[in-house]
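Protein sequences appear in the order of chains A and B. Per our numbering, numbering through the first sequence is continuous, rising by one, with the last residue being 1314. Per our numbering, numbering through the second sequence is continuous, rising by one, with the last residue being 476.
It should be emphasised that the hints constitute simulated quantities derived from the structure, not laboratory data. Wrong hints could be hidden among the right ones.
[To be verified] Each computed DSSO-like pair below joins lysine-lysine, with the alpha-carbon atoms no more than 30 Å apart:
(1) A:K1312 / A:K1276
(2) B:K465 / A:K1276
(3) A:K1284 / B:K465
(4) B:K461 / A:K1284
(5) A:K1276 / A:K1248
(6) B:K461 / B:K87
(7) A:K1284 / A:K1312
(8) B:K87 / A:K1284
Since the structure is predicted, the reported quantities are computational estimates derived from the model, not experimental observations.
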Amino acid sequence: MSDMQPDLRELYQEVIFDHNRHPRNYHGMERPSHAAQGHNPLCGDELTVYLRVEDGVVAEASFVGQGCAISTASASLMTEAVRGKPVDEVESLFQDFHTMLTESRPVNRDFGKLQVLAGVKEFPVRVKCATLAWHTLHNALQGVSEPAKTE
Amino acid sequence: MSAGTATTLVASVSDHARDFPILSRPVRGKRLVYLDNGATTQKPRQVIEAESRFYAESNANIHRGVHWLSQHATDLYEAGRKSVRQFLNASKDEEIIFTRGTTESINLVAQSWGRANLKKGDEVLLTAMEHHSNIVPWQLLCNQTGAVLKVVPMNERGELLMDDYQKLLNARTRIVCVAHVSNALGTVNPVEDIVRLAHGAGALVLVDGAQAVAHQTVDVQALNCDFYAFSAHKLYGPTGIGVLYGRHELLQAMPPWQGGGDMILTVAFNRSTYADVPQRFEAGTPNIAGVVGMAAAIDYVQSVGLDRIAAHEQELLGLATDKISALPGVRIIGTAERKAGILSFVIDGIHPHDLGTILDMEGVAIRAGHHCAMPIMTQFGISGTARASLALYNTPEDVDALVKAVEKAQSMFGLTETP
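If we strip away everything but chain B, and leave its shape as in the complex, we get (with noise of 0.2 Å):
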């Protein structure tokens, strides 16, 4: 790609920020830069309309009312699924399950894919650079069990150890459960390679998808995995709404994990008999207008072109990569081959919290901490990074301005001359 085509890249795919009625209010008297993707995306007026609309126009409890507002939200809400699906490539609308995130999608797994099948000595394979949402539900399920948790180890850069994978994987290991994206270091895992290999060994595949769905086009079929995960959220939908993909034969032979109207066939005091899924694993009222601005951030995703953020995420991952790691002092975590918007770092003086503080009195919103993956900052040494993470609006004037930022931290610090 020549200098002028991302120019234009940039240019163009960070005019959409202008959809983002938040980016326009100053924070701490500062422009707002927004560089806390990783934690949560930030809200498209496409988005926050179509919640809002569904309130106005065709609130309404779903599956069960005789009347036409019921309906018309039902309709709402399984055209929801479908646009999940689409999104996803699932082959099927009932191999999406709506639940209230990443997280919960994972522990639904454990629960009810999990004890139905695990038994004592069977092997559950993570990787070293799982968020806790990957690794406690399995711990939670091996206590249950009798199970036991493997873990892939990583190199220095922040890459699995494929060797090792391929040495951990037996006929005892029953799930391997993997980030698509890792969440401090930025690491794109190699999935399809991952599934290939545990598929050979008869083993499933989880993949957390929370750090991948807004920067990158998922397939699940072409990834071939077994379960995928992410939460609305992340990618600029609403809070409290994400996604459990799981293959149809799969999912048809799990039991429910929580008990609750929306879910049962009949119920009688000696006995209930249970929907068909994905019914079965939606218990209770879901988060319908949830659904619904999920499927305008599908829609808005999609309307930009994943594709196009994905090279301009790329693009500005490469310019701040440079910039940081000019400055004195600074140590990269993550340096991987393959990786999405995201750039951890640590600096020589200066503690990440002291560093989060003052970029947000700059007006820059960072993260800094150990990101819930509390094993990866062990494995670096550290206690925790500062994390820059990218979104579609991000422009090459917020890197800019985080570097200023940083620099003004080190030279507060006594780290280096004023500049």
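Next comes chain A alone, as it looks inside the complex (with noise of 0.2 Å):
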């Protein structure tokens, strides 16, 4: 792994402050079509996800948890992009998002606001932070019951 200095401000932009202060849809669900829960055992991040899907359709998506500041925005702008987003849209979402933060080659794709996440890359023990999420969001639309893990 080179040690060049990549910029912690492309890892710490402003939207992510402003996500990690102020997080979107932080709430539990009454009644939830799906939901499921995420565990990061190294940094002991903990999060659940819940999911209305209404005719294929995610018609609410909202969260509870605690994690790092790269942990938390991602949920929070993942609970608003995925919201109004057909079910098979959304699991293509998380594939392509999961590549633009693992994987070398680009992704053809407008990422809208989850494009600020994309500075993670240049930190890998961060992506797990920011994968977390995604990963629990997968799990519940699978019905898998299991915590969802980055590992």
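Both chains are sitting in their own frames, so use the hints and assemble them into the complex.
Written out as structure tokens, the structure reads:
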């Protein structure tokens, strides 16, 4: 691994600080159609993702839990990004988001606000922080009862 | 101690930083400020060269060859045992068993002594501040034998509640397992008292010395403990090599826990007989170069002087504690009366992992997380801490770099005015 200095501001953009301080859709859900728990055993980050899917479309997404700024902001941005999207489109967004953070090949997609998390790629030990919420969301949609892990 | 003496001491001990080649490599384009010594210490040239010299000049397998090199390697390996015996002030060389490290040493006691001696309803007494490596081996043993795990609580400063300890000790208590120094809190536990009380109740004591041996002189006869475990890599030595000290009569009565070459007298398909201690517990070709490196590390810390190292680290711990506590929104986790060079803290509004990343970009290496001591984090109601842990080569400048980097993180997170 290179020890060249990536820019800390690429990782900690203002949008991330904003979503960390004021996470969006940060609440439980009365009768979710889907829910799953995520846990990153290495750093102790924990969260629960709730979804209300109607006619194959994510009508509502929320989360509760605790974690670092990257993990909290990523969960918050995710709940905004998936709302109103068909389930299959959400799954493909998860795959593309994962590729953006873990692989060198470019991804042909407009990530919108999620683009602010692209800088995490330069900090390999923090990729798990950004992907925990997405793995959890994926498990919720797949009906997996085991807590999601990023390992 | 006068301020003048303290400054001289700090200067002279940390002058040994020049013995550590890695400390002169920049990290992230910055001077490396290595404050993750609780995880592993850096290695002085003396250790690196000893291990390399072993492979260049002395390598052969031990305890079997009739040829000269094998005898030579065996002599070096056994000289390492003697060196560890002196280091711990054990009474016999045979009381020193080489393992992969503290974790393996504890597992050895649990699986050998524990399985042979524990039965349903017996109690294993741990403390609330144990590392996972001094919890999980005992849980496994309890599951195998039906013994029960009990836990000595601690107060909000991270000190064991000795009254509760005395109440928990009873005729069913078979062994007490305690960290000499807590890796997450820095607490130095009163091992002499713990041993005296345990022996009074007829229980043995295993001491996890992983965080102690590099920071103070350890004398197993003075402590009067039954088992003492440590790893070389936290003592400026190589990884993958460690020690179990055990009282000779206990070791002699213990069955083997791993079978293989080097630990037998005779083998037939219907029956094998086992070697005497310590070979009985050293199955297979051991980490010979590791033992040579560990002996070099012991020579090294003794040449610097453990008392001087201890005084130096206490000086720096005091300085770091004062400066970090003075920052806004900081809470020190672990404020025991007696501490060794570990400073664990949390900061309002910044998760330890975010802090770890920002400090890393300043060249400051710390540990962030639960430090393999999740029950401690649960007691303090936190998910993790940032931990700065000290070694002989650290300086007041390292403490300043830590403080400056924490201030930068607070400013980035909008918690303070930009300095």
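Hints and how they fare:
| no. | hint | verdict |
| --- | --- | --- |
| 1 | A:K1312 / A:K1276 | holds, 24 Å |
| 2 | B:K465 / A:K1276 | holds, 26 Å |
| 3 | A:K1284 / B:K465 | holds, 22 Å |
| 4 | B:K461 / A:K1284 | holds, 26 Å |
| 5 | A:K1276 / A:K1248 | holds, 15 Å |
| 6 | B:K461 / B:K87 | holds, 14 Å |
| 7 | A:K1284 / A:K1312 | holds, 19 Å |
| 8 | B:K87 / A:K1284 | holds, 21 Å |
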